[in-house]
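Asks: Sequence:
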Amino acid sequence: MRTITKFILTTGLIAGGVLAYSRVYKVKWSKFHQVTFKTTQPTRRTIIRKKIFSGTLIPHKEINLETHLTGIVDKLWVEVGGYVQQGRNIARIKIQPNPKEIEEAASKLRVASINLNQARGKYLRSKHLFTKKMLAKEAYEADLASWEQTKEAFALAEKTLQITQKGYTHAKGANANLIKATTKGTILALPAKEGSMVQATSGNARGTTVAVIGDMDHFLFSAQVSELDVADLTKGMTFTASLNAFNEAKLQVTLTKIAPKASEERLKNGEIKFAIEGLVQQPKKSKITLRAGYLAVAEVVVGQVDNVLAVPESVIQMKGKDCFVKCLHDGKMVPKNVVLGLSDGLYVEIKEGLTEADQLIVET
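Each number in the working numbering corresponds to the 1-based position in the sequence shown with 428 added.
Among the clues, some could well be false.
[Claimed, not checked] With a straight-line Cα cutoff of 30 Å, these simulated DSSO-like cross-link-like pairs (lysine-lysine) come out: (1) K478 - K663; (2) K587 - K503; (3) K678 - K621; (4) K478 - K715; (5) K779 - K466; (6) K478 - K754; (7) K579 - K565; (8) K678 - K489; (9) K587 - K560; (10) K685 - K663; (11) K466 - K749; (12) K608 - K587; (13) K489 - K503; (14) K760 - K779; (15) K663 - K696; (16) K621 - K489; (17) K550 - K561; (18) K663 - K621; (19) K522 - K503; (20) K621 - K522; (21) K696 - K489; (22) K536 - K594; (23) K478 - K760; (24) K587 - K621; (25) K466 - K764; (26) K478 - K678; (27) K560 - K612; (28) K696 - K678; (29) K621 - K528; (30) K608 - K522; (31) K621 - K594; (32) K536 - K579; (33) K712 - K478; (34) K503 - K594.
[What the hints assert, rightly or not] Listed next, with one range per pair, are the computed distances between beta-carbon atoms: (35) Q546 - D502: 35 to 43 Å; (36) T666 - G509: 41 to 49 Å; (37) R477 - K503: 51 to 59 Å; (38) K503 - I530: 15 to 23 Å; (39) K555 - E507: 48 to 56 Å; (40) G769 - G509: 46 to 54 Å.
It is worth saying that the hints were derived from the structure and are not from the lab. All C-beta atoms, glycine included, are put in the ideal place defined by N, C-alpha and C.
Put together the whole structure using the sequences plus the hints.
Replies: Right, dumping it as structure tokens:
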């Protein structure tokens, strides 16, 4: 009897212990597996999509003055930063003397001198006879014309010899060896210094640049943009450009040029870039002095929607071609398909699929 009683008591204690342990374990297990979600809700926002790229300011018009003579820069009459009018003398080129050319020019001058003396004597005789009415007017005028022609030929031969010997001539109106400004503007650079050798344009070879003249009253924004950016650009659109040199300075730019072909130089490096240019509108009362070469960062608005339902880009997930978000409903995760609109990189417009009351799960 005692044995049976002990067995019953032992069995009861074991059963009670197992029951108590199972309840405690169940509570702990449920607490361990209890999941909490971080959530957010769709909000109304203004979404602006921008393209941002850097460029530089360049003069609206920039001219390279190239020499048409081979020789040495004998004289420069301008300095970098100076303003010049069209037609002003920029430089004088001294041609390097060539003994053979000098001898040929001297020979032509001697022949011209002989012809000049001969024509002068003939003209004086004709004039004397004409005044005594012993020579026809036609014959006198012919000798006069011959005299004038030989004077011009002598003057030309004299100038040619001077240019061949010295590289220039002091004769009035002679400017064959002068480099003149072809437009008004500011001298941006003088690549050729006094005493340096310059090469004339010949065949496919370009001549040495003596000076660079730019129109500093008007500027262009110039940049190289990728194929992804150029697809959103159109001529005539306006955008702002911020100058790195001035924190608060923003310029209005009107896009005037989009290259129809990618830059060949960039293609050699494996880059696909298109050149663009835009006319800069300078503020009338601005104290900022614009300079060629300033770095500017452009912000081009390519899309904008106002007061639209939007969610963070981070909650959007993809499944094939469909987009969806994970929503919390009655403590459970429920996926919802959505139709997306404009995105600024941080937030994206929701066209269909959500309301402002939806709780979106934010995965961390």
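Asks: With reference to the structure, classify each hint as holding or not holding.
Replies: Verification of the supplied hints:
1. K478 - K663: Holds, at roughly 17 Å.
2. K587 - K503: OK: K587 and K503 at ~19 Å, within 30 Å.
3. K678 - K621: Violated, at about 37 Å.
4. K478 - K715: holds, 29 Å
5. K779 - K466: holds, 24 Å
6. K478 - K754: Within the cut-off at roughly 28 Å; holds.
7. K579 - K565: Between K579 and K565 the Cα gap is close to 21 Å, so the pair holds against 30 Å.
8. K678 - K489: holds, 22 Å
9. K587 - K560: Not OK: K587 and K560 at ~38 Å, beyond 30 Å, violated.
10. K685 - K663: Holds, because 6 Å separates the two Cα atoms, which is no more than 30 Å.
11. K466 - K749: Distance of about 26 Å is within 30 Å: holds.
12. K608 - K587: holds, 20 Å
13. K489 - K503: holds, 26 Å
14. K760 - K779: holds, 24 Å
15. K663 - K696: Cα-Cα ~27 Å, so holds.
16. K621 - K489: holds, 23 Å
17. K550 - K561: holds, 16 Å
18. K663 - K621: violated, 41 Å
19. K522 - K503: Given that 30 Å is the threshold and the Cα spacing comes to 9 Å, the pair holds.
20. K621 - K522: Holds - the C-alpha atoms of K522 and K621 are around 13 Å apart, at most 30 Å.
21. K696 - K489: holds, 28 Å
22. K536 - K594: Satisfied, since the Cα-Cα distance of roughly 17 Å is no more than 30 Å.
23. K478 - K760: This hinted pair is violated, its Cα atoms lying about 38 Å apart.
24. K587 - K621: Roughly 26 Å separates the two Cα atoms, so the pair holds.
25. K466 - K764: holds, 17 Å
26. K478 - K678: holds, 16 Å
27. K560 - K612: Outside the cut-off at roughly 59 Å; violated.
28. K696 - K678: violated, 34 Å
29. K621 - K528: holds, 28 Å
30. K608 - K522: holds, 15 Å
31. K621 - K594: Holds, at about 19 Å.
32. K536 - K579: Holds: K536 and K579 sit about 13 Å apart, inside 30 Å.
33. K712 - K478: With Cα atoms ~27 Å apart, K712 and K478 stay inside 30 Å; holds.
34. K503 - K594: OK: K503 and K594 at ~13 Å, within 30 Å.
35. Q546 - D502: 35 to 43 Å: The hint (35 to 43 Å, Cβ to Cβ) holds, given that Q546 and D502 are roughly 37 Å apart.
36. T666 - G509: 41 to 49 Å: violated, 31 Å
37. R477 - K503: 51 to 59 Å: Hint holds: Cβ distance 57 Å, inside 51 to 59 Å.
38. K503 - I530: 15 to 23 Å: Hint holds: Cβ distance 22 Å, inside 15 to 23 Å.
39. K555 - E507: 48 to 56 Å: Holds, at about 54 Å.
40. G769 - G509: 46 to 54 Å: holds, 52 Å
Of the numbered hints stated above, those contradicted by the structure are hints 3, 9, 18, 23, 27, 28, 36, listed in ascending order.
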